[in-house]
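Engineer: This is what each chain is made of:
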Amino acid sequence: MSQAIVKIRGLTKKYENRTVVDAINLEIKKGEIFGLLGPNGAGKSTTINMLCSIIKPTAGEIEVFGSNLWKDKKKVLARIGYTPQELAIHDRLKAWENVELFTALYGYKKEQLERAVDKSLAYVGLSENRNQFAGKFSGGMKRRLNIACAIGHDPELLIFDEPTVGIDPQSRNFILEKIKESNHDGATILYTSHYMEEIEALCTRIAIMDNGKIIAVGTRKELANLISDHSETEISLEEIFLTLTGKRLRDYAEL
Amino acid sequence: MLFILMKNNLKLMLRSHWIIMLMIVSPIVITAVLNNVFEQLMKSYESPENILVGYRMDENSLLADFMPNIKTTAAEHGISMVELSGSDVQELVKNNGCMVFVEMGNEDYVIYEIDDYENEGRIVEYFLTGLFDSIAVQNTTNSPKLDVIQLDVMPNVEAKDYYGIVYTVFVIWCCFVVLTGVISSERSNKIEQKYQVTLITDWKLYLGKAIPCVFVTLIVTGITTLASTCLFDIRWGSLPASILILFLSIAAATVYGLFCCCMFRTLAISISISFVSIWIAGFIGGAFETYMYSSIRTPIKEMSPLYHINRALVECSAIGSSTYVKSSILYLGGIIIVFTVLGLALSKWKRGPRL
Numbered sequence: 094m095s096q097a098i099v100k101i102r103g104l105t106k107k108y109e110n111r112t113v114v115d116a117i118n119l120e121i122k123k124g125e126i127f128g129l130l131g132p133n134g135a136g137k138s139t140t141i142n143m144l145c146s147i148i149k150p151t152a153g154e155i156e157v158f159g160s161n162l163w164k165d166k167k168k169v170l171a172r173i174g175y176t177p178q179e180l181a182i183h184d185r186l187k188a189w190e191n192v193e194l195f196t197a198l199y200g201y202k203k204e205q206l207e208r209a210v211d212k213s214l215a216y217v218g219l220s221e222n223r224n225q226f227a228g229k230f231s232g233g234m235k236r237r238l239n240i241a242c243a244i245g246h247d248p249e250l251l252i253f254d255e256p257t258v259g260i261d262p263q264s265r266n267f268i269l270e271k272i273k274e275s276n277h278d279g280a281t282i283l284y285t286s287h288y289m290e291e292i293e294a295l296c297t298r299i300a301i302m303d304n305g306k307i308i309a310v311g312t313r314k315e316l317a318n319l320i321s322d323h324s325e326t327e328i329s330l331e332e333i334f335l336t337l338t339g340k341r342l343r344d345y346a347e348l
Numbered sequence: 003m004l005f006i007l008m009k010n011n012l013k014l015m016l017r018s019h020w021i022i023m024l025m026i027v028s029p030i031v032i033t034a035v036l037n038n039v040f041e042q043l044m045k046s047y048e049s050p051e052n053i054l055v056g057y058r059m060d061e062n063s064l065l066a067d068f069m070p071n072i073k074t075t076a077a078e079h080g081i082s083m084v085e086l087s088g089s090d091v092q093e094l095v096k097n098n099g100c101m102v103f104v105e106m107g108n109e110d111y112v113i114y115e116i117d118d119y120e121n122e123g124r125i126v127e128y129f130l131t132g133l134f135d136s137i138a139v140q141n142t143t144n145s146p147k148l149d150v151i152q153l154d155v156m157p158n159v160e161a162k163d164y165y166g167i168v169y170t171v172f173v174i175w176c177c178f179v180v181l182t183g184v185i186s187s188e189r190s191n192k193i194e195q196k197y198q199v200t201l202i203t204d205w206k207l208y209l210g211k212a213i214p215c216v217f218v219t220l221i222v223t224g225i226t227t228l229a230s231t232c233l234f235d236i237r238w239g240s241l242p243a244s245i246l247i248l249f250l251s252i253a254a255a256t257v258y259g260l261f262c263c264c265m266f267r268t269l270a271i272s273i274s275i276s277f278v279s280i281w282i283a284g285f286i287g288g289a290f291e292t293y294m295y296s297s298i299r300t301p302i303k304e305m306s307p308l309y310h311i312n313r314a315l316v317e318c319s320a321i322g323s324s325t326y327v328k329s330s331i332l333y334l335g336g337i338i339i340v341f342t343v344l345g346l347a348l349s350k351w352k353r354g355p356r357l
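From first to last, the protein sequence lines are chains B and S. Converting from the first sequence to this note's numbering requires adding 93 to each position, the first position being numbered 1. Converting from the second sequence to this note's numbering requires adding 2 to each position, the first position being numbered 1.
Please note that the accuracy of each hint is not assured.
PhoX-like cross-link-like pairs, simulated, lysine-lysine; straight-line CA separation at most 25 Å [as the list claims (entries may be wrong)]:
{"no.": "1", "chain 1": "B", "residue 1": "166", "chain 2": "S", "residue 2": "206"}
{"no.": "2", "chain 1": "B", "residue 1": "202", "chain 2": "S", "residue 2": "13"}
{"no.": "3", "chain 1": "B", "residue 1": "229", "chain 2": "S", "residue 2": "9"}
Calculated from the structure, these hints are not laboratory results.
Chain B on its own, in the form it takes in the complex (with noise of 0.2 Å):
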């Protein structure tokens, strides 16, 4: 069994008197692709934003690659490749810049610099744009350069905070394929997304969270097994997940 790279033990944050993420237990193993689902404000940004040091949690431990994530900050996010859900992009900088830039914040110089921008560009699919401003991107374009800002630096763990919003099915398709890709090369994916079948597709484990909590954690059969055990029956994810969280709309306000 592949060891954990991710041990996440009694992560809470609470604003005031709200509770965001709830005392939540997970562990990603090296080498898979892991799901986090979850409805409107149920705690998934803020796990990942605590997750990537961004915000702090309220209490509770983050380990990653075997290091405490407060004690040795340095050393964890130098191995991990955040895309965050808005497009954390330069409009008025050319593709190479904007991976230029995110590159050498992780201390890249010269010809590996140079080398680490040739290859994240290759790799989202956009050499033939390099010298194009971000700003004059598609939306797709704009997606895969976020990705590529991400990549640079050659993270073993690769967080995705829905990288697909609002872009058309050849470029989601195009993503997923890399990700996919990424993760044959041998990197971590942790992933969210509303979109059921990009779960599906993609994940080998998911976590259903709501209410800050962790309400369900497994394989999709796994998953399936909790609401049925008509095994031979097939049981979308989907089905699965409002069963689980339920019906009601889930509106909120950002905190």
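With chain B's structure known, arrange chain S on it following the hints.
Structural biologist: Chain S in isolation, oriented as in the chain B frame:
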């Protein structure tokens, strides 16, 4: 890491073409307009060809030996000095048609200003101050103590020099707008958050913005200064002192702008607040109303860094030196240190605790 960040931030700043153009063109246009508008105003303060100065000298005055030289130098500057005897100053002034009267004491002197010749009084005071300072330096003795009645030093400066200098300074203080190209992009695209997942430190992130901003402002100020100097023949006087003050002003304006941007989440509010504060500092400091004829009290004026800077630069232009150079440097150095510390602390506090 820092170099690449600075390089790309520099590109973002330089690609905000309209801001750069505005910063280059605005001081030149303002100087041209104000030069024309105020030229007549300044002319009304100009002195007549010859200023008649009556003076009375104490028998034991240390200045007695210098009087022949003082008279010759004064004459070269259109000031005729006539020794008068008598006890009643008002009578002496009235009877001899003096515009200014100077009482030369043993180790000091007193300048009497006459209502109808206020401007001449200031010119004579300015002239004598410079002259006695130079005598003191040449003789390595203390300068006679200046006892001023109701007066402040007024350099004889032309409108083009004054407005050319103060508007270069004022635009420097607005230079942080070049940062908006970087900060708005970082904020609208959540790049600030992305930076937190990298290995860059807060200090390097700060320098990554501050250094390119200083660099861009240096270029812009250089172009503006050169253009306005060529177009309007602006005299900058003591170049080393002026360049040092301008450079420190750029650095101080940058850190102040960064502090304002850290203080408010909305960039429009940051820009508005900093523009208002700079406008107030400029209003007090002589950017809109020449500080020589300002009705604002000196202690209030001295609170504005722009007063010290304007005065130092204008005096350097007019007489080649200024006692305000030192206070400008100290003031600007203080601003750089205080607002750098505050800006860094505030950005950390605003972002919230980081792991």
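Engineer: Each hint should be assessed against the structure and marked as holding or not.
Structural biologist: Now for the hints, and whether the structure bears them out:
no., hint, in the structure
1, 166/B to 206/S, "17 Å, holds"
2, 202/B to 13/S, "19 Å, holds"
3, 229/B to 9/S, "21 Å, holds"
Against the hints set out earlier in the document, no violation occurs for any number.
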